[in-house]
Every structure is written in C-alpha cells, then in structure tokens.
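S.K.: Sequence:
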Amino acid sequence: MTYSRVSNTQAREERLTPDLLALHALRPRGTWDSLPSGGLAHTWLAMHDSLRHGQAMLERLATHWQLKLIDAARFREQALPLLQQHLGHLHGHHRLEDTHYFPQFRVMEPRIGSGIDLLENDHESLHRAIDVLEELTRRLASLGLDDPETSALIQKLAGALHRFGPEMRQHLLDEEDLVIPLLAIADNHNTPPDNKESA
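The opening position of the sequence shown corresponds to residue 837 in the numbering used here, with each subsequent residue numbered one higher.
Be aware that one or more of the hints could be misleading.
What follows is a set of in silico ranges between Cβ atoms, one per label pair, in the way DEER data are often shown [as the list claims (entries may be wrong)]: (1) His889 - Gly980: 24 to 34 angstroms; (2) Lys904 - Arg974: 40 to 50 angstroms; (3) Arg942 - Pro1002: 22 to 32 angstroms; (4) Met944 - Glu913: 14 to 24 angstroms; (5) Gly980 - Ala858: 52 to 62 angstroms; (6) Arg896 - Thr867: 28 to 38 angstroms.
No lab work stands behind these hints: they were computed from the structure. No experiment lies behind these values; they were computed from the predicted model shown. The C-beta atom is built at its ideal place from N, Cα and C for all residues, glycine as well.
Using the sequences plus the hints, can you model the full thing?
M.R.: What follows is the structure, given as structure tokens:
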C-alpha cells in the first residue's frame, strides 16, 4: 500500500508545524512501503488501515440508506455488528495510545510533545462523537423495525457517521506523520517502545 497523504482541511494540516515534523523529514511517507512487516510502525499503519476500512463500510451503508437503496431492516442487520466492532476498536486503540504509547513517545522524542498534546485533544473530541454514535447504536438495537422512531433514528445515525469520518481520518493522518517516523527509526535501531500489545 502507498501511504500518501490527502488532507481534508488546510487548518488541521497546518497544526503540524515544521518543528513537529523533523522526524517525518527523515522518514517521509514515500519510504513507508519498505517498513519491515514485523515492526511496530508497520503494525500501527495496519491498525489505522483497519479503522479506515471499518469507517468506510459504515459510511457506505449510511449513504445507501440515504439514497433509499436499502431498507431499515437491511441497514439494521448490517450496521449494528459493524458499529459495535468499529467503535470498540476505536476505544481500545485510543486507550492503549493514551495510557501506554503516548507517554513513552514523550520520553523518546520530547520535540513532539506538543504534537502528542494535539493527538490527545483529538481523542477527547473524537470520543464525544463516539459517545453519540454509541447512544444511537444502543437505541437502534432496542427498537423494533415497526417502531415509528426507527427510520428517523437511522437517519440521525447516518448523518453522524458522515460527520465523524473526516475528523477521524484527519486524526489518523496527523498521528501517522508524528508517530510512524519515530517508530520506524526506533525499529531500525532495535529500540522500539515497549510493545505491550498491538496498537
């Protein structure tokens, strides 16, 4: 896979100032295809790709509902298990970063400390949106297909999914630009951070 960067908002792109991207200049995205498959940098990217895939599947379902290509029964059947898996994956990934990896990264490379602050702030914002998605998911799971609220609830959920996607994807891009070069350099020197478990 080629790890190109596509930014959705120039303002968020400019958050990562040149001083935060010093390591990225040493290991830019164009070199990431050669990362060793057993290294933490490669594993991190694979996890992010999985999150992108899960979000894309949910947004596709949301679009199909909005275009009336699927009915409430089909949406509910397909979306509920995907939502539970995807939101759980996001929770676990962010919890491991916040409690385990980010503190190590601050020690390993103090120059990116303010960048880690940005990522942690992103997590807070993302999890407010995740809380909304989880509440809508719980409500949808509790309603019958003949409930008059079901269609309106699916419409809210579809809109929330489309709003969440761009913020999540931009966060993943920013995180990769900060973290992957650090991990790649550490992997190359055989001094990776404590790999408690896959990110």
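S.K.: The structure should be examined with respect to each hint, and the outcome stated for every one.
M.R.: Here is how each hint holds up against the structure:
Remark: the range hint 24 to 34 angstroms for His889 to Gly980 is upheld by a beta-carbon distance near 30 angstroms. At about 25 angstroms, the beta-carbon gap between Lys904 and Arg974 misses the expected band of 40 to 50 angstroms. Range check, Arg942 to Pro1002: about 28 angstroms between beta-carbon atoms, so the 22 to 32 angstroms window is met. Checking the proposed 14 to 24 angstroms range against Met944 and Glu913 shows it is violated: the Cβ atoms sit about 45 angstroms from each other.
Restraint check, Gly980 to Ala858: a C-beta distance of roughly 56 angstroms satisfies the suggested window 52 to 62 angstroms. Separation of Arg896 from Thr867 is about 31 angstroms and conforms to the stated range, judged on CB atoms against 28 to 38 angstroms.
Of the numbered hints listed earlier, those contradicted by the structure are 2, 4.
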